[in-house]
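> For reference, the chains in residue letters:
Protein chains: 6
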Amino acid sequence: MPTPPPVEYADASPAVRAVYDDIKASRNVPDVNNFWKYLARDPDTLKRTWESIKHIMAPGALDPLTKEMVYLAVSVTNGCAYCIASHSAAARKAGMTEAMFGELMAVTGMANETNRLANGYRVPVDRAFES
Amino acid sequence: MPTPPPVEYADASPAVRAVYDDIKASRNVPDVNNFWKYLARDPDTLKRTWESIKHIMAPGALDPLTKEMVYLAVSVTNGCAYCIASHSAAARKAGMTEAMFGELMAVTGMANETNRLANGYRVPVDRAFES
Amino acid sequence: MPTPPPVEYADASPAVRAVYDDIKASRNVPDVNNFWKYLARDPDTLKRTWESIKHIMAPGALDPLTKEMVYLAVSVTNGCAYCIASHSAAARKAGMTEAMFGELMAVTGMANETNRLANGYRVPVDRAFES
Amino acid sequence: MPTPPPVEYADASPAVRAVYDDIKASRNVPDVNNFWKYLARDPDTLKRTWESIKHIMAPGALDPLTKEMVYLAVSVTNGCAYCIASHSAAARKAGMTEAMFGELMAVTGMANETNRLANGYRVPVDRAFES
Amino acid sequence: MPTPPPVEYADASPAVRAVYDDIKASRNVPDVNNFWKYLARDPDTLKRTWESIKHIMAPGALDPLTKEMVYLAVSVTNGCAYCIASHSAAARKAGMTEAMFGELMAVTGMANETNRLANGYRVPVDRAFES
Amino acid sequence: MPTPPPVEYADASPAVRAVYDDIKASRNVPDVNNFWKYLARDPDTLKRTWESIKHIMAPGALDPLTKEMVYLAVSVTNGCAYCIASHSAAARKAGMTEAMFGELMAVTGMANETNRLANGYRVPVDRAFES
Numbered sequence: 001m002p003t004p005p006p007v008e009y010a011d012a013s014p015a016v017r018a019v020y021d022d023i024k025a026s027r028n029v030p031d032v033n034n035f036w037k038y039l040a041r042d043p044d045t046l047k048r049t050w051e052s053i054k055h056i057m058a059p060g061a062l063d064p065l066t067k068e069m070v071y072l073a074v075s076v077t078n079g080c081a082y083c084i085a086s087h088s089a090a091a092r093k094a095g096m097t098e099a100m101f102g103e104l105m106a107v108t109g110m111a112n113e114t115n116r117l118a119n120g121y122r123v124p125v126d127r128a129f130e131s
Numbered sequence: 001m002p003t004p005p006p007v008e009y010a011d012a013s014p015a016v017r018a019v020y021d022d023i024k025a026s027r028n029v030p031d032v033n034n035f036w037k038y039l040a041r042d043p044d045t046l047k048r049t050w051e052s053i054k055h056i057m058a059p060g061a062l063d064p065l066t067k068e069m070v071y072l073a074v075s076v077t078n079g080c081a082y083c084i085a086s087h088s089a090a091a092r093k094a095g096m097t098e099a100m101f102g103e104l105m106a107v108t109g110m111a112n113e114t115n116r117l118a119n120g121y122r123v124p125v126d127r128a129f130e131s
Numbered sequence: 001m002p003t004p005p006p007v008e009y010a011d012a013s014p015a016v017r018a019v020y021d022d023i024k025a026s027r028n029v030p031d032v033n034n035f036w037k038y039l040a041r042d043p044d045t046l047k048r049t050w051e052s053i054k055h056i057m058a059p060g061a062l063d064p065l066t067k068e069m070v071y072l073a074v075s076v077t078n079g080c081a082y083c084i085a086s087h088s089a090a091a092r093k094a095g096m097t098e099a100m101f102g103e104l105m106a107v108t109g110m111a112n113e114t115n116r117l118a119n120g121y122r123v124p125v126d127r128a129f130e131s
Numbered sequence: 001m002p003t004p005p006p007v008e009y010a011d012a013s014p015a016v017r018a019v020y021d022d023i024k025a026s027r028n029v030p031d032v033n034n035f036w037k038y039l040a041r042d043p044d045t046l047k048r049t050w051e052s053i054k055h056i057m058a059p060g061a062l063d064p065l066t067k068e069m070v071y072l073a074v075s076v077t078n079g080c081a082y083c084i085a086s087h088s089a090a091a092r093k094a095g096m097t098e099a100m101f102g103e104l105m106a107v108t109g110m111a112n113e114t115n116r117l118a119n120g121y122r123v124p125v126d127r128a129f130e131s
Numbered sequence: 001m002p003t004p005p006p007v008e009y010a011d012a013s014p015a016v017r018a019v020y021d022d023i024k025a026s027r028n029v030p031d032v033n034n035f036w037k038y039l040a041r042d043p044d045t046l047k048r049t050w051e052s053i054k055h056i057m058a059p060g061a062l063d064p065l066t067k068e069m070v071y072l073a074v075s076v077t078n079g080c081a082y083c084i085a086s087h088s089a090a091a092r093k094a095g096m097t098e099a100m101f102g103e104l105m106a107v108t109g110m111a112n113e114t115n116r117l118a119n120g121y122r123v124p125v126d127r128a129f130e131s
Numbered sequence: 001m002p003t004p005p006p007v008e009y010a011d012a013s014p015a016v017r018a019v020y021d022d023i024k025a026s027r028n029v030p031d032v033n034n035f036w037k038y039l040a041r042d043p044d045t046l047k048r049t050w051e052s053i054k055h056i057m058a059p060g061a062l063d064p065l066t067k068e069m070v071y072l073a074v075s076v077t078n079g080c081a082y083c084i085a086s087h088s089a090a091a092r093k094a095g096m097t098e099a100m101f102g103e104l105m106a107v108t109g110m111a112n113e114t115n116r117l118a119n120g121y122r123v124p125v126d127r128a129f130e131s
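Protein chains in written order, with my numbering: chain Y, 1 to 131; chain X, 1 to 131; chain W, 1 to 131; chain C, 1 to 131; chain S, 1 to 131; chain F, 1 to 131.
This is chain Y alone, in the form it adopts within the complex (with noise of 0.2 Å):
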């Protein structure tokens, strides 16, 4: 049995349809990415999936920009090439200049450098962080 395929508008549900169009209005964007195509395979993960990021990603105490850097870094540190992508690509439309890009890279990198050092050293955590 094959690999269902991604699901265009146009051979949607209802039910996918109403998702797509809430993400193209709440994007104002033509078209939905692919991630949203192929997980329309589950209109439910479709479904939960945008609800949960919609929510999440909306201004609230961080900014839309800082929490895209957020989701950038760790799709960076996870070594997902289709996150990387399109992260990097929404977070460059919420105001992501090349000098933030590059600070952010430095930063996720010298992090996943001192994570190892600190396993590898077996640093205990200090008293004071216990709190």
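It should be emphasised that the hints constitute simulated quantities derived from the structure, not laboratory data.
Among the hints, a few may not be true.
Chain copies aren't distinguished; within one or between two, either way the pair holds.
[As the list claims (entries may be wrong)] Mimicking DSS-like on lysine-lysine, the simulated pairs with C-alpha atoms at most 30 Å apart in a straight line are: (1) K47 with K93; (2) K24 with K47; (3) K54 with K24; (4) K93 with K24.
Chains X, W, C, S and F: place on chain Y using the hints.
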């Protein structure tokens, strides 16, 4: 041969003391964290790591709070217990409120989730993200 | 010195052919996958890996479909593109339906999310889980 | 500013209590695990996470035991100590025998090994897996 | 059902004792480490894992010290606390000096950093590395 | 705003050229790899990363071949495709034979497997490893 102990200030060489002094002055703290006392087993790594961190975490295109939150998000993704403890403290010191922390964790968790959905559904990169 | 090429059956040593023959007979396939042709650059690793996999993936307390789905969940978590492709195919061959795949990805994604929430909130293990 | 403490039922807001009550009723347990008490520092994340987990872990195309074992395999791969403890307990409660656990760990370990062999040997995806 | 306890020699079956005896003889140690006592809950995994490790870690094209240092670098990257502790001890026993340890950690940390820089900058593989 | 292109020598600033010249002289190569051309989008990260790598990868208590193999093992564990390609080439150039590569992958794979077995069986650290 037992593992060498962490290096306390009183027992440190002049080269190590110079790094400790710079950390204490830069951060306005009375003593350095365990991370530095363990790294000091290798004075070369101590010095190089401190100079890189001092440089990278300084205010620039991104402010120090944003940098600390990115550091924390990476550490949480990698599951480095020491780093999560120390950078939670550093981020709070830099101004992270509880509401910011909650949103930071929500974004970090969601990114880890959708990274795997993108992997599992084998989503190809949209042409629009290529350039 | 260029990297040695993968080993096709026609060019394989008797020791490698013996493994290939066992794979083809065990799985009832006309040829082995690329994974085995590349591992065959080291006949020792080829043989040991095949014998371990053959043993581990055989029906036991867990059925082969469950084992393939676990294999896929791990590969998705690690972001191994080859492994995701090959174990998606293997799981489908073992009976994974599209509905099962959708739920498998949902669980895998959620586990990756809550793993980080537990890390970030620094949740101590409940006493009830200690024993 | 110290980190806020976990939220016990007696100190919880009505919104948090409602989630706790639903967890206790759904799982037929007298109290919620530490995970929820720590997440409750952010009532929004608490509610969203519980609703997603409740939905995803319900019986469907996959039975609850299979889902718990997948959850455990992912947590073991990521090295999340809290999650390994809690989902080991949950999987046993759902019916995982010691023999099942042994096979689950064997598959999880082997997948982590062959994921790296595929990476290191740079194995290209077989054409048969493309579709 | 509580988790089965680790298996001490006095309580071990003949099959488990045979593995323990081989570990003790091969490594010239009076008792096996906790790792083996816990794995012994599944005698099949105990035997297979020991035989693989014994074979892989034996002197070959790489000497045992190099192999132990690679093992440690991987364990540090994954953040496996038990493995970092046990393979630090094994590497020291095999001859790793403090200076070697310092350089090993420096390389491991740097590799983890540049892995993420390569991810984040989305660097395409040079044609010269293709073959 | 499109992503800036990688920086070729002809288009590089004097500061970037100085780094490129040092890389070419240190490694005796006619041009730098893509990694450096992409990093050069941030001249500060380019310079800092090169200086750290040049320093860390120089002969010391560990020889350059051992260092390159450790770098490769880490990259394979993280699944960084670019890094696996470039450090496979670098390790071969430094003297890694096919037999060494085979054993390196076997150790790397096994370490990734037993890291997860130690996680899953929740093995406590032996007292003998504490000091």
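> Look at each hint and say if it fits the structure.
Hint check:
1. K47 with K93: Answer is both: 24 Å inside a copy and 28 Å across each meet the 30 Å cutoff.
2. K24 with K47: Close inside one copy (14 Å) and across copies (26 Å); limit 30 Å.
3. K54 with K24: The answer is both: 12 Å in one copy and 29 Å across copies each meet 30 Å.
4. K93 with K24: within (15 Å within a copy, 37 Å between copies)
Violation of the numbered hints given earlier is absent; every hint is satisfied by the structure.
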